[in-house]
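Participant: Sequences listed follow chains G and U, in order. Counting along the first sequence from 1, when you hit position 57 you're at 63 in this note's numbering, and nothing is skipped either side. Counting along the second sequence from 1, when you hit position 128 you're at 134 in this note's numbering, and nothing is skipped either side.
Worth double-checking, as some hints may not be accurate.
As the list makes no split between identical chains, a pair holds if one copy fits it or if it spans any two.
[To be verified] Straight-line Cα separation of at most 35 angstroms, DSBU-like style, residue types lysine-lysine; simulated pairs: (1) 172 with 22; (2) 95 with 139; (3) 21 with 81; (4) 29 with 57; (5) 29 with 175; (6) 139 with 22; (7) 21 with 172; (8) 22 with 102; (9) 21 with 139; (10) 164 with 21; (11) 102 with 139; (12) 81 with 102; (13) 29 with 81; (14) 95 with 164.
Bear in mind the hints are in silico, worked out from the structure with no lab data behind them.
There are 2 protein chains.
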Amino acid sequence: MNYPQTIRNLIECYKKLPGIGEKTAERLALATLNIDQEIIHLFSNSLLDSKTKIRRCVRCNHLSENEECDICLDKSRIQNVICVVDDPKNVITFEKIGSYRGKYHVLNGLISPLDGIGPEDIHLNSLLHRIEKENISEIILALKPSIEGETTNLYISKVLSGMPVKITKIAHGIPMGADMDYVDLMTLETALDNRTELT
Amino acid sequence: MNYPQTIRNLIECYKKLPGIGEKTAERLALATLNIDQEIIHLFSNSLLDSKTKIRRCVRCNHLSENEECDICLDKSRIQNVICVVDDPKNVITFEKIGSYRGKYHVLNGLISPLDGIGPEDIHLNSLLHRIEKENISEIILALKPSIEGETTNLYISKVLSGMPVKITKIAHGIPMGADMDYVDLMTLETALDNRTELT
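Could you build all of it, start to finish, from the sequences and the hints given here?
Facilitator: This is the structure:
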């Protein structure tokens, strides 16, 4: 004896999501029964749409419902600056700040020799292609501050050396509002190395 | 600029689930994009089925895909003992133990005057009706050990007083394997009050 088949199916599906185990999936499946009909239909359709409508922008590799994403199509943005990020989520985060007016390029991964991920496994070639074709004057590297992120930064700057494009990296240091007592040593060291002169 | 509409919809739907906020919903929606087509179809259909196929057993009020649930239809079970629970989830938990062979009745709520939930708001009348009609010899109260649970226990035992049915309550006390140092005082008091004689 167990739950009816539909609920068992729901539990199995919820379990496919990251961080959701048996117990949580069970709780979500039962909670699903109390959700309004309207939302359930939207949910059901959006799931199907996620497979059919969502694609990657042919230019920058960001999530899009069209061939090119809204950002690439926006002619009012600065056309010759590209911010390079690892994940589509980072694009959204930058957009939330609202002050960046250039374009993006989503690598969708970082170089990680230990995991067997080389430069050809991430969207790097398309970036190099864009730099030439779109007459890019600056690329801003905004990758994760990790070994993989640094490896990727290094690789990109090496490949681009000699090309007429400025390569910058977003600042790493003490986060705003942080308690100095709790900042980890590596961050502190980076912050010290990257100190700027007050003029 | 933001996520494509489909992803925004997914985020909104995930947010309707209990314990899932904006950040988690965003993470789940993006993770959904990486789930296999097959699972997405099952997920989408199960959501629709949850509204159309899942109903309550007309007898015991447990979740069911038929008019009567599998447990009520099972003639091999003890027919004159009913275990009264608050929630369908509790039925599944009891079934996991595997040793209980009687039937169930799901109240779907507990009496809670503070929240304006009276005896008529939970499935109590149908229980009283069953006790008479199905010739029930024992009802086992297995409600939550809370004020609402105790109130409901009290109400049921009062209503049934004078009827030829044995009313029992599952034991409350120290959980198996618990560290005595961390047992709360109310549980300890209950355990002391409910001590049994070793013979």
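Participant: All the hints need checking, so say for each whether the structure fits it.
Facilitator: Now the hints, each set against the structure:
1. 172 with 22: Answer is neither; intra-copy 42 angstroms and inter-copy 45 angstroms both fail.
2. 95 with 139: within (26 angstroms within a copy, 60 angstroms between copies)
3. 21 with 81: Intra 42 angstroms, inter 34 angstroms, cutoff 35 angstroms: inter-copy only.
4. 29 with 57: both (27 angstroms within a copy, 22 angstroms between copies)
5. 29 with 175: Between. Shortest inter-copy distance 26 angstroms satisfies the 35 angstroms Cα cut-off; intra-copy 43 angstroms does not.
6. 139 with 22: neither (41 angstroms within a copy, 45 angstroms between copies)
7. 21 with 172: neither (45 angstroms within a copy, 42 angstroms between copies)
8. 22 with 102: Both: 29 angstroms inside a chain and 23 angstroms across chains, each within 35 angstroms.
9. 21 with 139: neither (44 angstroms within a copy, 42 angstroms between copies)
10. 164 with 21: neither (42 angstroms within a copy, 43 angstroms between copies)
11. 102 with 139: So residue 102 and residue 139 pass the 35 angstroms test inside one copy only (28 angstroms; across, 63 angstroms).
12. 81 with 102: Answer is within; shortest intra-copy Cα gap is 19 angstroms, inter-copy 61 angstroms.
13. 29 with 81: Answer is between; shortest inter-copy Cα gap is 30 angstroms, intra-copy 49 angstroms.
14. 95 with 164: within (26 angstroms within a copy, 58 angstroms between copies)
Of the numbered hints given earlier, the model fails hints 1, 6, 7, 9, 10; all others are met.
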